[in-house]
Amino acid sequence: MTAGLSRAIRAENPAINFVTLTFVDDVDGNVEAACQHTLSLFSEIFSKGGKDVIDNSFSVSNGVTHISRVAAPAKFGENPSRALDLVVGTPGLLDSLQFDDDQLYDTPLQEGDVEFKVAACGLNFHDIMVSLGQMIGTALGVERSGIVTRTGPNPGFKIGDREGDTVLKHAAAGGVGQACIQPAQHRGAEVYATVGSLEKRDLLKARYGIPEDHILSSRDLSFKHGIMRLAKGRGVDVVVNALSGDALRATWDCVAPFGRFVEVGKVDIYSSARLNMDKFKYNVTFGVVDVGYMANNDGLHFNAILEDCMRLVRDGAIRQLHPVQVYPFGQIQDAFRYMQSGAHSGKIVLEPHEDDIVPVVPSRKPKYNCDPSASYVISGGLGGLGRSISGWMVSRGARHLILLSRFGPVRESGQTLVAELESAGVHVETPACDVSDAQSLKKTLDGCLTGMPPIRGSSKAQWCSSPKVDASWKLHEALLDRELDFFILLSSTSGIVGNRSQVSQGLPATSLDLGMILSVGFVAENSELIGHLRAEGFTDHACVGWAGGLTSADKTVNYGLLLGTADSPDTAEAIVLEAMLTKISKALGVETVNLDASKPLHAFGVDSLVAVELRAWLLKEVGAEVAVFDIMGGSSIRQLATLVASRSSFVHLKEVD
Numbered sequence: 004m005t006a007g008l009s010r011a012i013r014a015e016n017p018a019i020n021f022v023t024l025t026f027v028d029d030v031d032g033n034v035e036a037a038c039q040h041t042l043s044l045f046s047e048i049f050s051k052g053g054k055d056v057i058d059n060s061f062s063v064s065n066g067v068t069h070i071s072r073v074a075a076p077a078k079f080g081e082n083p084s085r086a087l088d089l090v091v092g093t094p095g096l097l098d099s100l101q102f103d104d105d106q107l108y109d110t111p112l113q114e115g116d117v118e119f120k121v122a123a124c125g126l127n128f129h130d131i132m133v134s135l136g137q138m139i140g141t142a143l144g145v146e147r148s149g150i151v152t153r154t155g156p157n158p159g160f161k162i163g164d165r166e167g168d169t170v171l172k173h174a175a176a177g178g179v180g181q182a183c184i185q186p187a188q189h190r191g192a193e194v195y196a197t198v199g200s201l202e203k204r205d206l207l208k209a210r211y212g213i214p215e216d217h218i219l220s221s222r223d224l225s226f227k228h229g230i231m232r233l234a235k236g237r238g239v240d241v242v243v244n245a246l247s248g249d250a251l252r253a254t255w256d257c258v259a260p261f262g263r264f265v266e267v268g269k270v271d272i273y274s275s276a277r278l279n280m281d282k283f284k285y286n287v288t289f290g291v292v293d294v295g296y297m298a299n300n301d302g303l304h305f306n307a308i309l310e311d312c313m314r315l316v317r318d319g320a321i322r323q324l325h326p327v328q329v330y331p332f333g334q335i336q337d338a339f340r341y342m343q344s345g346a347h348s349g350k351i352v353l354e355p356h357e358d359d360i361v362p363v364v365p366s367r368k369p370k371y372n373c374d375p376s377a378s379y380v381i382s383g384g385l386g387g388l389g390r391s392i393s394g395w396m397v398s399r400g401a402r403h404l405i406l407l408s409r410f411g412p413v414r415e416s417g418q419t420l421v422a423e424l425e426s427a428g429v430h431v432e433t434p435a436c437d438v439s440d441a442q443s444l445k446k447t448l449d450g451c452l453t454g455m456p457p458i459r460g461s462s463k464a465q466w467c468s469s470p471k472v473d474a475s476w477k478l479h480e481a482l483l484d485r486e487l488d489f490f491i492l493l494s495s496t497s498g499i500v501g502n503r504s505q506v507s508q509g510l511p512a513t514s515l516d517l518g519m520i521l522s523v524g525f526v527a528e529n530s531e532l533i534g535h536l537r538a539e540g541f542t543d544h545a546c547v548g549w550a551g552g553l554t555s556a557d558k559t560v561n562y563g564l565l566l567g568t569a570d571s572p573d574t575a576e577a578i579v580l581e582a583m584l585t586k587i588s589k590a591l592g593v594e595t596v597n598l599d600a601s602k603p604l605h606a607f608g609v610d611s612l613v614a615v616e617l618r619a620w621l622l623k624e625v626g627a628e629v630a631v632f633d634i635m636g637g638s639s640i641r642q643l644a645t646l647v648a649s650r651s652s653f654v655h656l657k658e659v660d
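Heads up: the sequence shown begins at 4 in our numbering, then just goes up one per residue.
Keep in mind that the hints were calculated from the coordinates and are not lab data.
Built from N, CA and C at the ideal position, the CB exists for glycine as well.
A portion of the hints provided could be inaccurate.
[Stated by the list, open to error] Here are the simulated DSBU-like pairs of lysine-lysine, each with C-alpha atoms no more than 30 Å apart in a straight line: (1) Lys623 - Lys602; (2) Lys282 - Lys235; (3) Lys282 - Lys120; (4) Lys623 - Lys589; (5) Lys602 - Lys589.
[Stated by the list, open to error] Pairwise CB distance ranges, derived in the manner of DEER restraints: (6) Cys38 - Thr568: 31 to 41 Å; (7) Pro355 - Leu42: 52 to 62 Å; (8) Gly592 - Asp440: 27 to 37 Å; (9) Asp311 - Gly115: 53 to 63 Å; (10) Lys284 - Val560: 56 to 66 Å; (11) Asp29 - Val121: 26 to 36 Å; (12) Arg641 - Thr568: 15 to 25 Å; (13) Asp440 - Pro111: 50 to 60 Å; (14) Asp449 - Val413: 18 to 28 Å; (15) Asp473 - Ser398: 44 to 54 Å.
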């Protein structure tokens, strides 16, 4: 009780220097040592008048003085044996890149299959398009290298293995571009190229000797006239294209009679864009190369092509791409954003390291399933956390719930929960009950069980300012004669660090202490507490999807909650503007102070790929649907914030008469 009292007094009166010293061991046998510890600590703290004292709670165990710290366990996230696969949590948001269980890991290897430990991954625009939701149903990371660890029958590998025409190549300074230039030059072809910057032009001149007048800009459609002029009106024999829209059609016009157009991009394919058929009368060929599709559906041909490529590497016809920019897996989002910016040359490579810290979806193996023929009690079941827990239990098979609360489903949120659960076929009882009253609790449970199966589990997620142990113990006693599978108690970090007027919190116990959760629970429903708790040093968290795992790797601000508290259009616009500047700053890798809200987004280099991500983010985090045209138009960032705030479904301003 002293621990809770001291924490409450310190919280209410910070000027008081209230220090506690606890002896874990029995001091009766060594009173002198206990006195020495006490005097030594007293002298250390109060010799300077008690000023600059940081710690105020001490304990002595085995003769050693300890101080309290709330810290993340160092090895909590380590699980080297878990097989993981990179996935996109929310298509359109690079922030949601995360690792989840590899569903194919336990699948037996078939004929020709090999398993290898990844040593490096090449990043390309295919990965960006998948991440931004522009390509559906395809995997990330089609470029990988590593060491073979397992093989199926007849794999072609063994465990331990490593490792005359005119040609136009768009985006030639990138990885695919440089990989195309080298075999073309090896065969004596004349190479034309397009790039997006002067730095990339200089790279092609210096490394591959391409004449400056053969390197054109891909930033507009002027390259078409330049190519036709250089090719004396005939066009080029081979085009390797990754552009889309008008740029693809302009490139198609550059193909010479009997020429070959090789499409490696996917945007126009997935959007079913149209192509001018008139060009085919000159016996031209339009072909598509999808390496991922080929690998999955024509393995023999794919392997033969790879063997030819490796032979060119061994013969020196293809050199290492330049430059190679290496990112650890711990910076995977930074690598994706750099690729998204279009500013890179050469190749972006991801390398795994033992000390990488990456966002990982909590493992769902083994999955816990509730018994559909049993009842489950949730004390505080109509509160924010209780509603979240009940939803999780239903997703795991529970079909009979007893949701205890002091007043029953009088709030709209509770009524909505009951309606949703009942529509899902769940039998729900929501009696009003004081859990700390043993007789009332027993009568309530007995009444519910007249029409429900036996109770097999209980969770206590109820907020109270009196000692939680009282109500918890009453619930324990009421369920003591039941055969329970689990009995879970939730507490608060206030029991560790203390809180004003809550003297009773701090009694010795083992529990799951929850911090400030913004998505559900008491703080989420009482937004005026957020500023106070942050001032006290609490950091906020979002409640992860119980059934689906992580939704955002680094979400720290619940803008939907903040917009719900806005009392004027100006306040809502200010919240949206801050949110947008923070998001744009991260997407572009620039400081927010360098973003002028009076300028449009395209002034800072925001292209359509960034706009697609921003649009998805605004819909998810701010509740506003805007078009890419609105984002890429001439409106300033501030004007865009005004538009977004006016469309936000989270803003509920009261009309003034």
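Evaluated hints:
As the CA atoms of Lys623 and Lys602 are separated by approximately 24 Å, the hinted pair is consistent with the 30 Å bound. A threshold of 30 Å between alpha carbons decides the hint, and for Lys282 with Lys235 the separation of about 18 Å falls inside it, so the pair holds. Our distance criterion of 30 Å between C-alpha atoms is broken by Lys282 and Lys120, whose separation comes to about 46 Å. Taking the CA atoms of Lys623 and Lys589, the gap is about 17 Å. The hint holds against a cut of 30 Å.
Restraint check for Lys602 and Lys589: satisfied, since their Cα atoms lie roughly 18 Å apart, inside the 30 Å limit. At roughly 54 Å, the beta-carbon separation of Cys38 and Thr568 lies outside the given 31 to 41 Å, and the hint is violated. In this structure, Pro355 and Leu42 meet the distance hint of 52 to 62 Å, their C-beta atoms being roughly 54 Å apart. Hint check: Gly592 to Asp440, Cβ distance near 58 Å, so the stated range 27 to 37 Å is violated.
One distance hint, 53 to 63 Å for the beta-carbon pair Asp311 and Gly115, is violated here, with the actual separation near 18 Å. For the hinted restraint 56 to 66 Å between Lys284 and Val560, the CB-CB distance of approximately 59 Å keeps it satisfied. At about 55 Å, the beta-carbon gap between Asp29 and Val121 misses the expected band of 26 to 36 Å. A C-beta distance of roughly 21 Å is found between Arg641 and Thr568, which places it inside the suggested range of 15 to 25 Å.
Distance hint check for Asp440 and Pro111: the Cβ-Cβ separation is about 58 Å, which falls inside the suggested range of 50 to 60 Å. Hint check: Asp449 to Val413, Cβ distance near 23 Å, so the stated range 18 to 28 Å holds. For Asp473 and Ser398, the hinted distance range of 44 to 54 Å is not satisfied, since their beta carbons lie about 32 Å from each other.
Checked against the numbered hints listed earlier, the structure breaks hints 3, 6, 8, 9, 11 and 15; every other hint is satisfied.
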